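Protein sequence lines correspond, in order, to chains W and G.
One point on numbering: in the working numbering, the residue at position 174 of the first sequence is 174, and numbering is uninterrupted.
One point on numbering: in the working numbering, the residue at position 274 of the second sequence is 274, and numbering is uninterrupted.
Rather than coming from a laboratory, the hints here were simulated on the basis of the structure.
Keep in mind that this is a model prediction, so the values were computed, not measured.
Take the hints with a grain of salt, since some may be wrong.
Stated by the list, open to error - Sample of chain W residues at the chain G side, in silico, Cβ under 8 Å:
| id | residue |
| --- | --- |
| 1 | Q101 |
| 2 | K143 |
| 3 | A144 |
| 4 | V160 |
| 5 | V256 |
As the list claims (entries may be wrong) - Beta-carbon label-pair distances, calculated as ranges:
| id | chain 1 | residue 1 | chain 2 | residue 2 | range |
| --- | --- | --- | --- | --- | --- |
| 6 | W | T91 | G | M208 | 49 to 57 Å |
| 7 | W | E174 | G | R260 | 52 to 60 Å |
| 8 | W | T91 | G | Y99 | 50 to 58 Å |
| 9 | G | G107 | W | E30 | 52 to 60 Å |
| 10 | W | D312 | G | R207 | 49 to 57 Å |
| 11 | W | D217 | G | R179 | 20 to 28 Å |
| 12 | G | A55 | W | E30 | 46 to 54 Å |
| 13 | W | D102 | G | R199 | 27 to 35 Å |
| 14 | W | S236 | G | K105 | 18 to 26 Å |
| 15 | G | K269 | W | R97 | 56 to 64 Å |
| 16 | W | T91 | G | Q196 | 47 to 55 Å |
| 17 | W | A270 | G | R199 | 37 to 45 Å |
| 18 | W | R90 | G | Q196 | 54 to 62 Å |
Every residue gets a Cβ at the ideal spot worked out from N, C-alpha and C, and that includes glycine.
There are 2 protein chains.
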Amino acid sequence: MADLKDYTRLTARDREILKDVILTYILSAEPVSSRSVSKHGKLGLSAASIRNVMADLEEWGYLMQPHTSAGRVPTAAAYHLFIQSMMETRTLPVKERRYIQDNLKVGSADGDDLMETASHLLSELSSQVGIVVTPAMGETVLKAVDFVPVAGRKVLCVVVSSTGFIDNKVIETEEEIPREELVRISNYLTESFAGQTLREIRERLLRMMVEEKAQMDRVLALTIELARHGFSVGESPGVVVDGTSTLLHKPELSDVQRVRRMFEAFADKARLVKILNQCLQGGGVRVLIGEDCELTSELEFSVVATPYGVGDRPLGTLGIAGPSRMDYEKIIPLVCFLGETLSRALAETFSGDPDRDRR
Amino acid sequence: MADLKDYTRLTARDREILKDVILTYILSAEPVSSRSVSKHGKLGLSAASIRNVMADLEEWGYLMQPHTSAGRVPTAAAYHLFIQSMMETRTLPVKERRYIQDNLKVGSADGDDLMETASHLLSELSSQVGIVVTPAMGETVLKAVDFVPVAGRKVLCVVVSSTGFIDNKVIETEEEIPREELVRISNYLTESFAGQTLREIRERLLRMMVEEKAQMDRVLALTIELARHGFSVGESPGVVVDGTSTLLHKPELSDVQRVRRMFEAFADKARLVKILNQCLQGGGVRVLIGEDCELTSELEFSVVATPYGVGDRPLGTLGIAGPSRMDYEKIIPLVCFLGETLSRALAETFSGDPDRDRR
DNA sequence: GTTAGCACTCTGGCGGAGAGAGTGCTAACC
DNA sequence: GGTTAGCACTCTCTCCGCCAGAGTGCTAAC
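Work out the full structure: start from the sequences and follow the hints.
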């Protein structure tokens, strides 16, 4: 394959034909012939002329043939070009916007519910695999903490973040602590630490322990013990994957071998996080296609992802993954809108949000 | 196919040969020939003699041929017979017992963690799909309840069951309730209702509301409002499925069509619950093979399941599912042991359990 | 610059041949 | 009478050649 031709040097006709090939291929999943472009395209050229152009486009790296005498298939470069400068960025239909907003209502949902709903919406509306990278709990901002005695020395610790994430954790204390004392400790910790991230809190506690070691009374020692355990939650972000079974309907995955590699890829959460988080910087929707990264090229896959967060504080990424042949014109606005909606939902969750309608 | 021959009328040799066919088939996934039985079996008969017996076994409904001139494959009836009276019920190797016990330790895990771990263990140790039907929250026994103010009129309600299940729920109250009052209400509800199932509590609250409607003061009204919302949790049981991707390695699922039907079946949680709960009554391990039920016969599948619970109170079922050709000798003890271990873990969770070692 | 025409190439389906596996039956053997 | 060797038969699977169909590339004419 020759070097990629600078796309600005493509003539209007070249672009028109390339676009047609891409759109047709996205629909049909089969190599596109010159004849079909000639028939169905708008520029009334014969198949032979189209062929000339298509041969050029192949030479320039935008198309390829599975074999001689087959039609042509877009390359990753073609998709990139398409997305960057040929696509009509339709906005998402009102119906789908509504649907998303109705489902991502804050209501009585906690953060994890929202994550799952978002992942499911992504998958459902794109017919691809939906992926949401959830925030590492340690990076979330504390809203409230609460300790509940459950049995003997066991205490349930509930940590609530301002974005609606709730973490439960059972800890076992040195001695049995009476209920009233736990209440006092809960109040104290909530009042002192609300508004800071769990990581910051952990660090502050550590410093406190060192500095005040000498003059710590029993209650303070207890408090610190509880807090240390309670706040030591998930360093690493989680991943919510939904709709892997949509893959089984795609014609490009008709042999079990590929399906298997695919499923294995989606099971490797750590790797998914890494890839999705490439999209964290910069904001806006990013698209990885084929050769852009190790995983996607191995599997001939694409990833469309965008960060979400509260204010200018990024919390995670969400997006979809699937065979490179996907309806970018629809999916990009979808991912974009979902990112915005989820961000808004998280911001509202426990902000008091007085203007929300009563149910 | 003739009627199933009463299995007690099979001669020792018939049984020996049938057993050999089953064991070989479980290993190889390929129709078993008379020759291989003759060679590898212990009773030193020629292939021709074996053939005679195998023809009988086919006539009686224990074997079948995919086509003439293929070897033979066990039927569901054969598996049943095998399980019922030919299998050596090995106990689970100590190593695996240990592994299960180590992973199902109560420690700081809550009920849902245990469910997930159990499902994963089932899948991992059997190389089949692991399934756990979790208790409907309404059927669990209350250990403690706690309300935490999070923002404005929003209150987080935490319900803890004695078996370690924790349910979080955000509710929006009519008016803002001060923290101290929430604490008092939490204490009151925990003291009055601990030890009863959530369903019972809901019913009692309803009665209280009707009876005392007239003379209810503000606090009691608040309490009841909170309790009603807080205790109105999941009527229906959930399902935790793990290891569906192991299916992709099975030779019987080499075409995507079947894989798809399979995945669709495992996605239909309601149906799974229904099937698994057929195993609820009676206790002990139950095995459904092929024609035993609609789903398994459609997919040529088997289900090995057992109930778990605390005391004589069943809480749910757990088990594995996979192609009928599976290593029952190993899987049945596995499911059995996991049921026992999970039951024990749930019983210990918040019982105070003073004899457990410190971590 | 465009296009009709044609030779060329590659795929996919179909059918026949042949090997291989396994059976069922029969006749001989112990 | 049970057991087994031998053999014919059947069915699958694979390989191969053939052919139609689809699509291309090239050339020559418009």
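Consistency of the hints with the structure:
no. : hint                           : verdict
1   : Q101                           : violated (18 Å)
2   : K143                           : holds (6 Å)
3   : A144                           : holds (5 Å)
4   : V160                           : holds (6 Å)
5   : V256                           : holds (6 Å)
6   : W:T91 with G:M208: 49 to 57 Å  : holds (53 Å)
7   : W:E174 with G:R260: 52 to 60 Å : holds (54 Å)
8   : W:T91 with G:Y99: 50 to 58 Å   : holds (53 Å)
9   : G:G107 with W:E30: 52 to 60 Å  : holds (55 Å)
10  : W:D312 with G:R207: 49 to 57 Å : holds (53 Å)
11  : W:D217 with G:R179: 20 to 28 Å : holds (24 Å)
12  : G:A55 with W:E30: 46 to 54 Å   : holds (50 Å)
13  : W:D102 with G:R199: 27 to 35 Å : holds (30 Å)
14  : W:S236 with G:K105: 18 to 26 Å : holds (22 Å)
15  : G:K269 with W:R97: 56 to 64 Å  : violated (29 Å)
16  : W:T91 with G:Q196: 47 to 55 Å  : holds (53 Å)
17  : W:A270 with G:R199: 37 to 45 Å : holds (41 Å)
18  : W:R90 with G:Q196: 54 to 62 Å  : holds (55 Å)
Comparing the model with each numbered hint stated earlier shows that hints 1, 15 do not hold.
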